[in-house]
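Asker: In the order they appear, the protein sequences are chains A, V and L.
Going left to right, the first sequence walks through residues 3 to 183 as my numbering numbers them.
Going left to right, the second sequence walks through residues 173 to 523 as my numbering numbers them.
Going left to right, the third sequence walks through residues 162 to 788 as my numbering numbers them.
Please note: incorrect hints may appear among the correct ones.
Said to hold, decoys possible - Cβ-Cβ distance ranges computed for the label pairs, FRET-style:
(1) N197/V with V302/L: 37 to 45 Å
(2) F38/A with V190/V: 50 to 58 Å
(3) D476/V with Q696/L: 37 to 45 Å
(4) F366/L with V238/V: 38 to 46 Å
(5) E751/L with G77/A: 50 to 58 Å
(6) I235/V with W176/L: 52 to 60 Å
(7) K174/V with R659/L: 42 to 50 Å
(8) R175/V with G671/L: 51 to 59 Å
(9) K174/V with T297/L: 55 to 63 Å
Claimed, not checked - To spell it out: a stretch of chain L is covered by chain A in this simulated footprint if at least three of its residues, at any positions, have a beta carbon under 8 Å from a beta carbon of chain A; those stretches are:
(10) 458-466
(11) 522-536
No lab work stands behind these hints: they were computed from the structure.
We treat Cβ as the ideally placed atom computed from N, Cα and C, and that holds for glycine.
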Amino acid sequence: MTVHAEPRRETVNRLGLWLFFCSEFFLFAALFAARFYLAGPYHAKVNQPLGLAITLVLLVSGFTAYRAEAGIRRGDRSAFLRNLLVTILLGLVFLAGVGVEWATAEFAPSSIFGTAFFTMTGVHASHVLSGVVAFALAYRLGLRGHFSAERHWGVEALVKYWYLIDVVWVFFFPVLYLVRA
Amino acid sequence: MKRDLAIVGVLWLALTVVGEAVVLNASLLPPLISNKGADIGHAFRVLLVYAVPVFAFVVAALIYMVPRYRAGAAETPPEDGPPLRGRGRVPLAWFGVTTALAVALMIYPGLTELPKVLGENRNPELVVDVQGVQWAWIVSYPQYKVKSMNELVLPVDQLVRFELTSLDVLHGFWIPAFGMTMEAVPGMTTTVQYRPTKTGSFAGNPLLRLQCSELCGLNHSTMSMPVRVVSAQEFQDWVRQQAGTTASPISTPSAGETRLTIAAKDTRFSTDRLEARAGAPVSVTFKNEDDSVFHDIAFYRTADAKDLIAKTDLKPGPVTEQLGLPVLPPGTYYFRCDVHPAEMKGELVIK
Amino acid sequence: MVTRAVEQQSHGGPWTAFLPLVRGLVWAMIGFAVGAALTAVVRIAGGRSAWTFGLSFSVGYVFALLGWLLGVGMWERWGREWFGRPTVEEGPTDWRRYLAFTTDHKVIGIQYLATFVVVFLLAGLLAMLIRIQYLTPGGTVLDNATYNRVMSMHGILMIAVAVAIFVGSFGNYLLPIMIGARDVAFPRLNALSYWLVPPVAILLFVSQAFGGWDSGWTAYAPLSVRNAPGQILFCLAIITFGLSSIVGGLNFLVTIITMRAHGMTWGRLPIFVWSIFATSWIALLFTQFFAAAMLMVLLDRIAGTSFFAASNGGSAILYQHVFWFYSHPAVYIFIMPALGVTLEVLSHFSRKPLFAYRWAVGGFLGILAMSALVWVHHMFVTGVPYKLEAPFLITTEIISIPTGLIFLTALGTIWQGRLWLRVPMLFALAEVFNFLIGGITGIFLADVPTDAMLHNSYWVVAHFHYTIMGGEIFALMAAIYYWFPKMTGRMYSERVGRLHFALMFIAFNGTFLPMFWAGVHGMNRRIATYVPSLQGVNDLISAMGFLLGISFLFFVANMAYSLVRGRKAVANPWGARTLEWQTSSPPPVENFLVPPVVTGHPYDYGVPGAAPYAAFAPAGGSGEASS
């Protein structure tokens with residue numbers, strides 16, 4: 003890397019964000035490993051249609067997040083706000099879905115699969131919640147004209163964070179729902 | 173410079189010779205009286221043989237260089253020294269030597285001794301089940317249907333396998349005299365196997381004790397049981413004596429007997445004094461009210477808890493047990509919880 | 162970010178300095194109430210009682226932590242931005258800035274240093290209590306319960322010091338200056354990193370009101386799942402502390418990668434900076450496993466999960482895997498900056514280039530790489546199948562090779578040098594000796610057969626005190642004395658420093674060397690009482706331990722007196738080449754009046770015609786080009 007005494011702020015911020023993602027990866031990896039150590043590759047009876055539905059919701063929200071960032075990047079404030087709002091709503095739907103899954107689960111947290119399931123989905127959901135809250139703050143700022151095509155690092159960072167959460171779910175969902183019953 | 177190197181070399185050689193002489197001749201370890209202990213003691217000595225020249229090298233270098241190159245402790249720094257970069261063969265040689273040492277060490281006494289010490293393959297002559305519980309050891313000999321919570325007795329020169337488990341938290345099964353420790357883990361059985369090679373007892377050798385070596389809460393420090401290694405004959409005698417004194421609990425009370433009730437709660441008995449009439453059997457109802465804590469009640473003829481009359485099985489609460497005592501002559505008898513003997517004890521007075 | 166500078170009042174009585182702390186506490190209590198209320202609402206809706214200690218306290222704490230951070234100053238400096246309001250650019254500029262949410266890395270470095278020196282001395286007092294207990298085998302001073310709590314608190318406080326004191330104090334203070342930067346990459350994140358620390362201390366002390374915890378600093382399950390409720394506060398404290406560590410590591414990595422001065426190539430980085438670089442990767446990545454282990458204990462306690470409940474299929478061994486996957490690399494957080502400082506001091510005080518510089522860098526990076534692969538050596542006697550232990554025996558042996566490279570550099574730097582035996586150099590030399598013993602005795606634990614004998618005995622206690630105290634703390638002393646003039650603008654007393662050194666070195670070795678003997682003679686660790694045959698050695702250890710404690714009195718006296726009455730220091734009392742000595746003592750707020758351009762190598766002592774390490778633009782330059 004070339005040596006700058008005064009590096010561009012974006013370079014610094016982006017590197018920080020990626021390092022943060024590396025760290026988060028280790029947290030999710032710990033839970034992932036514990037799941038297999040404790041419960042092997044098996045899963046108890048889960049609500050497959052619900053799981054599939056919330057997965058689709060989350061993936062679509064990743065797409066709308068992308069659209070939101072693309073919007074503000076080209077200065078299209080209304081596209082940005084619209085897609086951001088949809089992302090927030092989809093995030094809330096995802097959380098509601100997890101809530102329903104928890105309330106109607108046929109296994110208890112004290113069972114070995116339940117231990118892994120509730121912990122993994124819970125830690126993931128807490129990250130989704132933090133993303134939704136942050137997006138809501140960004141929406142409010144966006145309404146007041148805070149972001150522009152030249153200055154929208156907050157949006158870029160949050161959208162990338164949202165991608166991270168999606169990617170984690172892409173790994174968590176199969177190992178909780180799709181492996182051997 | 174050559175002179176400096178030569179002096180350091182000589183110093184190193186001298187320290188190494190002295191060090192190896194000590195390591196190879198002095199007894200740096202207490203006597204480890206098991207076959208595994210012998211293997212471990214041997215590995216320990218080999219590691220010391222490796223360690224001496226390494227330690228001597230750095231120490232020789234330091235104790236020579238500091239006085240030889242010292243340039244005072246004045247206010248201003250001394251002049252600069254020669255610009256030795258260390259880019260050439262010295263680092264490469266160092267890297268090579270340290271790698272060779274590490275590889276040699278990991279092979280012997282590492283990988284070669286590892287299966288000897290931890291790999292179990294031969295059939296033992298004696299199997300001892302050990303359960304750790306907060307804060308005592310329950311030792312049983314399934315081949316003889318004998319249990320003990322006072323002492324661990326082993327026959328000399330017989331291969332014994334310990335099957336370890338814990339009834340609650342992690343405990344460490346450690347008899348320092350034999351040289352090995354192994355954890356007792358709840359929910360699984362770990363094993364350790366060796367052959368004691370000398371007789372002895374805790375009274376003569378403080379290392380002959382079964383000491384918990386994994387922090388397990390309040391009384392971890394005192395979770396200890398004396399160990400005795402005896403001849404084969406003495407062992408058989410002891411086993412026979414233990415089997416004779418384990419009375420079976422009588423479960424149904426019958427008429428004409430004294431019924432006593434006693435409870436255990438918060439690691440305390442509800443009373444420390446029980447009374448009964450002479451000439452009639454005694455039935456004891458024991459309620460363990462401590463959730464998931466192991467208690468029993470054991471009655472002994474003597475205060476030193478060596479002469480057992482009868483006792484309940486050790487179980488976690490909440491649970492109620494019935495225990496029948498035979499007709500006892502008038503006098504004072506003693507009861508206690510075998511797992512918490514310091515806090516839970518009392519007297520049974522028959523008159 | 163819309164900002165405006167706000168005039169900070171410097172008037173008002175001195176008590177205004179404590180306003181941020183008070184407001185932090187008040188907002189923390191409000192946050193706690195909010196969190197507990199939210200929990201109560203959800204629980205009542207589910208038909209359960211409003212308050213249950215574990216869950217309600219934990220949720221309350223999360224909100225309390227946020228309240229504390231915002232209240233102590235994060236709201237004005239950062240939080241307002243999230244709501245589109247202007248933030249405050251500057252904080253107080255006088256001594257009040259040490260009690261505020263200040264973003265100047267030099268202030269944060271001093272905040273860390275002051276906090277953790279106090280924690281270290283407190284934990285040291287607990288050690289004195291332990292040594293008093295060990296004067297007699299029956300241990301009549303502390304009962305079993307109190308002893309376990311004292312020992313556990315001593316452990317975690319010292320571990321916290323070991324993790325944070327080098328990186329937090331000297332990493333923060335020196336790193337930007339040594340690379341020629343004005344501050345770290347994320348100054349507000351840096352302040353956040355510090356202000357996460359007081360809640361950790363508060364939780365650990367408050368936990369004593371809830372029975373404390375008796376599972377040591379390692380908090381093994383299942384004991385930590387079923388002991389006193391104070392354990393819950395311990396878990397929350399560790400998670401908080403982990404956050405501070407992760408954030409700090411992230412900050413340093415970005416700073417080193419992006420903010421080096423012109424001309425400061427990787428090959429011209431001071432070795433201390435390399436050591437912080439390697440350390441920061443561990444802090445960034447592995448700390449998450451410590452948090453995960455604590456989370457699992459918390460969930461088993463408050464959510465009824467069965468991570469470690471054998472009766473439901475859980476495993477106590479899982480805890481050890483998750484815990485040690487962090488806690489082994491953590492020991493390299495302890496020692497790498499210490500070795501970095503030792504090498505710095507050895508070079509500057511031998512007036513010679515750092516011998517085999519590239520190999521030393523390779524050593525640090527090799528340690529970093531191997532650190533992830535050795536953790537099972539803490540579990541050799543837990544019933545792990547021995548064939549699975551063999552690879553870890555191998556990796557643990559291998560890690561001695563990069564560590565050995567550091568010794569190569571150390572000895573090669575001293576060789577043929579002009580040894581300036583001032584106090585920093587004495588501590589650096591002692592560190593090499595102590596860490597040698599620590600490292601060699603570790604081999605006996607790396608070798609599974611001997612580990613089977615030594616596990617959880619006093620050999621282990623001696624080994625880690627030699628590496629952590631003999632290694633890191635001695636290097637810490639070297640660092641404190643070395644950088645004292647830079648940070649305070651005054652010189653310490655050389656005479657008292659030498660007294661401190663002599664007493665500390667002799668007492669340290671006298672205290673911990675006999676522990677090896679005790680370990681092989683049947684003394685296990687973490688016990689309140691021991692067998693009477695070990696009283697002799699324990700009395701010796703205690704006597705030396707008290708001397709060790711006394712040696713710190715000399716240290717404290719030297720620091721206190723010199724801070725107030727020490728002779729004024731010049732910019733470069735050591736005649737050293739690295740960048741921190743090319744600016745005033747203490748440095749100006751922006752570190753350098755003129756940004757440096759690096760033109761040479763940091764350790765080119767005695768090199769004929771060597772380029773100066775850095776040049777400063779002629780106009781108004783205050784730094785002198787080094788020779």
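Asker: Now look at each hint and say whether the structure bears it out.
Answerer: Taking the hints in turn, this is what the structure says about them:
no.	hint	verdict
1	N197/V with V302/L: 37 to 45 Å	holds, 40 Å
2	F38/A with V190/V: 50 to 58 Å	holds, 54 Å
3	D476/V with Q696/L: 37 to 45 Å	violated, 25 Å
4	F366/L with V238/V: 38 to 46 Å	holds, 43 Å
5	E751/L with G77/A: 50 to 58 Å	violated, 36 Å
6	I235/V with W176/L: 52 to 60 Å	holds, 55 Å
7	K174/V with R659/L: 42 to 50 Å	violated, 34 Å
8	R175/V with G671/L: 51 to 59 Å	violated, 35 Å
9	K174/V with T297/L: 55 to 63 Å	holds, 57 Å
10	458-466	holds (count 4)
11	522-536	violated (count 0)
When held up to the earlier numbered hints, the structure conflicts with 3, 5, 7, 8 and 11 and fits the remainder.
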